[in-house]
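**Q** Protein chains in written order, with my numbering: chain A, 1 to 165; chain B, 166 to 495.
Just so you know, nobody snuck in bad clues.
Among the chain A residues that face chain B by a calculated CB cut under 7 Å, a handful are:
#1 S128
#2 L158
#3 I160
Computed list of chain A residues with no C-beta within reach of chain B, every gap over 12 Å:
#4 P13
#5 N64
#6 T72
#7 D100
Simulated from the structure, these hints should not be mistaken for laboratory data. We put the CB at the ideal spot given by N, CA and C, even for glycine.
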Amino acid sequence: MQVSMKLEIRDTPGQLVAALMPISDVGGNIKTVIHEHDFSSDKGSLGVEVVIEIHKERLSALLNLFKERGITVIRFGEERMHYQQSVILIGHLIHTNLGDTVDRIDKTGFAEVTKMSLAMPAIQERSSAKCTIKALSREHMDKAIEILRDVSKQKEILMIEPLEF
Amino acid sequence: MVFRIALIGTGAVGRGILEAMSRKELGLILTGVADSRSGMISPEGISPSSLLERKKKTGLCGDPGISADDVVKKASYDVLVEVSPTDASTGEPATGYIRTALSRKCHVVTSNKGPVALHYHELKQEADKAGVLFRFEATVAGAIPILHTLHESLGGNEVRALYGVLNGTCNYILTRMAEEGLSYKQALDEARALGYAEADPTYDVKGIDAAIKLVILANTVWNRRITLDDIDITGIDLLTEEAIRLAEEQDATIRLIGEIIPEKNLFRLSPRIIPRHHPLVVHGSLNAIILRTDLAGDLVFSGKGAGSLETASAVLGDILSIRDRYAGGN
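Using the sequences and the accompanying hints, generate a full structural model.
**A** Take a look at the structure:
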């Protein structure tokens with residue numbers, strides 16, 4: 001299962017590695033680590049968001065390890081993508097393998113396509129699709145959009161992005 | 166004190182200028198005029214209303230033996246008003262006229278995008294050397310005084326971003342697709358029938374016209390040296406009606422937006438999903454611009470981006486501000 005958790009670590013050298021060690025110790029796979037530089041704490045500690053892939057039955061072992069090593073788990077859960085944006089794709093979407101287009105976002109680990117509406121007026125004509133993307137952070141969203149921009153260029157798809165203010 | 170102008174070009178913009186001059190007492194005197202086939206030089210002044218009538222009757226503004234080149238080189242004027250049609254790839258013959266006027270130490274006002282987009286820095290340098298002004302308000306967003314605002318009114322500000330709807334033809338097409346459910350082709354045909362789009366609409370719908378305006382803004386406001394090749398351009402010609410319907414599902418629509426974010430070196434023109442009640446969602450052939458600044462905050466402008474009198478308004482604003490600065494006003 002994929003889990004996101006927010007850890008609080010001391011702001012001293014080596015602490016990040018120390019916090020990540022237990023994850024590999026229980027056979028978990030780290031997909032993303034996000035430092036939260038604006039994490040406000042008077043105690044000289046840092047917030048770190050990690051997304052990991054882990055067997056369900058190993059999860060409690062991991063939480064115990066964290067506890068033993070003095071690492072606080074501030075938040076823990078499966079719902080982790082807070083940033084949402086929609087883009088519209090226009091082109092020969094099915095013939096250029098829509099599944100693969102979506103996959104390129106999903107396999108990043110930091111963003112995924114959560115919804116798609118597709119309009120196909122007629123065979124041979126270009127179809128239009130609205131894809132809703134969720135990402136862990138604004139930066140990850142920008143990265144996901146960039147990936148999609150490249151894929152669109154390769155597949156001659158017109159991508160319409162939202163105007164973000 | 167009279168202020169003398171020579172007018173090159175008697176198309177829509179030139180006609181608008183002549184019409185405004187004949188309707189209002191602007192304190193300007195027309196000492197030379199030329200279109201592509203004829204010209205006239207008169208130190209005593211040419212009546213704008215009889216000139217408009219002559220042009221309407223004969224199709225010529227003056228004597229076929231006198232060329233635009235003659236007027237630029239020989240007439241006595243304080244400001245050369247260059248409003249001939251834009252050639253976006255060479256900027257000629259307008260650039261040549263402008264250079265000649267500057268070398269004669271005359272101010273220049275133009276609505277012609279070619280010379281400004283292609284040769285702004287050289288022309289500005291020549292104007293500075295001659296101690297005269299080179300103004301081109303009408304080249305971007307027609308009647309909206311955006312260049313004056315950026316160059317003068319926002320002097321103490323850092324302008325961090327500009328977003329704009331800069332092509333009326335595209336905005337008209339997108340408005341009709343959204344409001345009437347027309348297909349791209351139907352909306353384009355309608356725009357053509359109403360005279361909003363040229364017979365060959367490529368220049369508008371592929372985004373070239375709007376991108377040229379971004380080049381002008383980038384080079385003149387942010388002192389860049391970019392060309393059309395540096396703008397990431399996507400037009401509206403491949404949009405589908407389904408795409409607009411999909412945007413509407415989230416209470417949004419699609420508009421062609423020009424975007425400049427100097428800090429990121431971002432110069433982009435592309436169709437964008439935008440909330441339906443956003444200030445940039447203007448209707449029909451209107452233009453709109455949002456500036457994001459450090460002191461003044463966000464500023465929104467909207468108005469007519471084209472049209473005879475509307476563009477003439479921007480040209481006259483330039484002429485009169487030069488007059489007020491150099492002739493002491495009247």
